[in-house]
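Input sequences plus hints: build the corresponding full structure.
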Amino acid sequence: MASAVSATGAVRTTRQKSPLRWVLRVLVITYLFFLVIWPVALVAKATFSRGLAPVIESLSQPEVIFAFQLTLVVAFWAVLINTIFGIGISLLLVRYTFPGRRALSALIDLPLSVSPIVVGLSLLLVYSGQTGWLGSTLENAGLQVIYAPPGIVLATAFVSLPLVIREIIPVLHEIGTEQEQAARSLGASPVQTFARITLPAIRWALLYGVVLSLARSLGEFGAVKIVSGGVAMRTQTATLLVEERYGQFGPDNTTSAYAAAFILALIAVIALTIVTSLRPDKESS
Amino acid sequence: MSIKITSVGKTFGDFVALDDINLDIATGELTALLGPSGGGKSTLLRIIAGLEVADSGTVEIEGVDATRLPAQKRNVGFVFQHYAAFRHLTVANNVAFGLKVRKRSKKEIAARVDDLLRLVHLSQFADRLPSQLSGGQRQRMALARALAIEPSVLLLDEPFGALDAKVRKELRDWLRRLHDEVHVTTVFVTHDQEEALEVADRIVVINDGRIEQVGSPDELYDEPASDFVMSFLGPVTTLNGALVRPHDLEIESSPFLGASAGRVVRYTRVGYEVRLDVELTEEAGTAPVLVTLTRADASAKQLGEGSRVWLRPITPTGHDFRVPVGVARPA
Amino acid sequence: MTASSLAMPPVRVEPPTRRMGPRRSRQATSLSGASALGLGVALLWFSLLVLIPLTAVLVQASAGGWDAYWAALSSAQTVAALKLTVGTSFLVTMINILMGTAIAWVLVRDHFPGKRVLEVVIDIPFALPTIVAGLVLLSLYGPSSPLGVNWANTRMAVFLAFLFVTLPFVVRTVQPVLLELEPEVEEAAASLGASRFTTFSRIILPSLAPAITSGAALSFARGISEYGSLVLLSGNLPYNTEVASVRILSYVEGDKLTDAAAVASILLVVALVVIVALDVISRRVARHG
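For the protein sequence lines, the chains are V, H and Z, in the order given. For what it's worth, the working numbering labels the leading residue of the first sequence as 1, then goes sequentially. For what it's worth, the working numbering labels the leading residue of the second sequence as 1, then goes sequentially. For what it's worth, the working numbering labels the leading residue of the third sequence as 1, then goes sequentially.
Hints are computed from structural coordinates only; laboratory data are not their basis. Heads up, the beta-carbon is just placed ideally off N, CA and C, and yes, glycines get one too. Accuracy of the hints is not assured; some may be wrong.
[Claimed, not checked] Label pairs and their calculated CB-CB ranges: (1) A188/Z <-> F256/H: 54 to 60 Å; (2) R210/H <-> G38/Z: 36 to 42 Å; (3) L237/Z <-> S131/H: 54 to 60 Å; (4) R50/V <-> R202/Z: 56 to 62 Å; (5) W174/H <-> V26/V: 18 to 24 Å; (6) T30/V <-> G38/Z: 46 to 52 Å; (7) N240/H <-> E184/Z: 48 to 54 Å; (8) F90/Z <-> V26/V: 23 to 29 Å; (9) S131/H <-> E184/Z: 21 to 27 Å; (10) E60/H <-> L43/Z: 36 to 42 Å; (11) R202/Z <-> R269/H: 39 to 45 Å.
[Stated by the list, open to error] If the Cβ cut is set under 10 Å, some of the chain V residues that face chain Z in the computed set are: (12) W38; (13) A106; (14) S113; (15) F158; (16) L199; (17) L218.
[Unchecked claim] Which chain H residues stay away from chain V? Per the calculated CB distances, all over 12 Å, these: (18) F15; (19) S37; (20) D164; (21) E194; (22) F228.
The following block contains the structure:
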């Protein structure tokens, strides 16, 4: 398919070299330059405006190291949960029929269009230790959710929940059930069929979904802000640190805000670039 | 009996896919399930394989009641129309799959895969991915994969349906020869009557969820049990309200006993064959009768557009077995 | 295929539910033991994480009765915030429809060196943490702008932030459809004497319409729910640059959970409407092939 596209594309280029094409090209590049490219470049520049030393110094402060560690741990759990849940729910939605399937498949997308603030509020209402529906019960059982890491994991898992599912489902549809049926007729058990046939077939989509999920998890801000309390060295994640440092005066604080932001952006962009280039042009034949 | 199907029924919602099917398939036989698409033949095949569960009835394979047995425990080889190649595995690993999940030894697997690839003429492609094979090669790979597990029965669902005409014909001959070599009980589904007539020992005609007729290719062709079977197995035309084959019509340019008079309204030559549309004098206005004959015959009788002709059915057995009309002449 | 379809193919073409008898039903089987258990576990988690908390918002919103609900919504500051949020989201969505389609077009049909870089550029707003997005925009449009503009703490900042975070949506929904649109169809139209404009409006646009609509819906939903990118950029000035999410947050911080839930319920309803609309669109697309 990739070759077909470029082939037709080539035909087009030779056939029509209209002024409209040039106008569109220039318009699009200009738009993206002013909206994304230039501002991103400026942030990189601002981060290193005073050289490399202050950046490294600010990144080695214990608060900053803690914030990144917490962010990574939270992202790890959120992504792990979303991956397992995502694979399971995708298989159920694609391979099985059950009452309410259509409603579930529509509701799965909900977290993507709910404001992070609403996400935070909703979790607060259910899991808050004092007033939450389930919070006091959980607290009595020794599990503090709100203003603690479990709450941050919940908020992060909530906002990134559909990402794995959205990547896998189209691929599951596309590969169909014949390969799985063939495996079964050859004597493979359901577990063997999943591990040897289904999982390899969806692996690129899954990896892509996981990386998107990871990027979203590392960068979640609004929902985490409400449920975490943002206490330095306890519940402050990297994005919360950026906000706090930016609001404080002095070049050192500004530098550490920029440095943390730069690292977050770098991780996101690197992850995306790696996966986009790793992913084969066309998985099927 | 290798496969014994008793009173099998299956519905999808209010669609009746199979209605009280009873069928015995003998060991070592090559059987075709023939019928129009949506007639239930694929569903029956999938029920035998355990890929679909029958609503009622039982399926026995090699004397064992397999009705409730999941697909992976039936030891049935299944070949899909669209190959169902494992895209991420090489040709050799595709073929080895069934043996690997059975935890056979590496040495045994390698030897068996080697044999099978030789059998299906794919030895030189062992390390390729399915995407690097042609359709015909992929289907041969799928066949080798199904044979690898030494199945008690081999089931093929429209195995050549996705291939082009030439490859189809080659694979058809090849399947017949393969079956003569391997002798595994084989059932294949097809909607192509030529395929069924050419390859199968026995044909089961299925339509609307029911078995219309079971028999050898000759029996079905010469003694169709119904209009449906007759029209499905070859071209038919209507003469005086009866179904006949267009090449089973006697045509002369002068009157003879029992013949109906008419006029040639269309003359078409297709290679060695000549097709005539004859409008009967007594039935002017109805659909013309289709007559086919050889070119030599047509020119000997000096037939052309506008010729006056007389028609009468001939039968190989010498007697008239006209069937009352129930089916219109297919387009 | 070019870079990717970055998590935004909302027009999820599902096979129409069984209608045509046997062939369809093979795609899906009904639940049995293990899968039913799996569904149970999945639903439990989904309820604990998403459904129960969102229900709690609606319950909390109704806790003070209809009058309290209405009072929270009709306070001048809330109305101003909602107006700004919805108005800006709408405007931004309109721009995305035009620019997003243009960008998708250029990415699919144009060829020039460095095009692959643009693919990554499109994904940046999605990948970037929203708080960083605010910082990014601030660097070009803030007090120390090399352009000499200072739009920080103005409505222009809200507009820019929305534009930035919603950039990928229309592009990523239109792109795959455009890729699959066969050039033969356009060539056939041209051979039948259609001008390029006619070809575009009669042939291409109708095929793209569902994708554009769903991209626009996603972009609108993202706009009205945006928060993070505004934190550093807009100043959150009441009656001026305060958006709905910030309004909710300040209620939460003031421990007025019922008022917060009331405003949140409006955002939730909009999100639900968008979800239902997308579902309807995707089903229509699936039906018409």
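Hints versus structure:
no., hint, verdict
1, A188/Z <-> F256/H: 54 to 60 Å, "holds (55 Å)"
2, R210/H <-> G38/Z: 36 to 42 Å, "holds (39 Å)"
3, L237/Z <-> S131/H: 54 to 60 Å, "holds (59 Å)"
4, R50/V <-> R202/Z: 56 to 62 Å, "holds (58 Å)"
5, W174/H <-> V26/V: 18 to 24 Å, "violated (59 Å)"
6, T30/V <-> G38/Z: 46 to 52 Å, "holds (50 Å)"
7, N240/H <-> E184/Z: 48 to 54 Å, "holds (50 Å)"
8, F90/Z <-> V26/V: 23 to 29 Å, "holds (27 Å)"
9, S131/H <-> E184/Z: 21 to 27 Å, "holds (24 Å)"
10, E60/H <-> L43/Z: 36 to 42 Å, "holds (40 Å)"
11, R202/Z <-> R269/H: 39 to 45 Å, "holds (44 Å)"
12, W38, "holds (6 Å)"
13, A106, "holds (5 Å)"
14, S113, "holds (4 Å)"
15, F158, "holds (6 Å)"
16, L199, "violated (16 Å)"
17, L218, "holds (7 Å)"
18, F15, "holds (15 Å)"
19, S37, "holds (17 Å)"
20, D164, "holds (18 Å)"
21, E194, "holds (26 Å)"
22, F228, "holds (30 Å)"
In this structure, the hints that do not hold are numbers 5, 16, in rising order.
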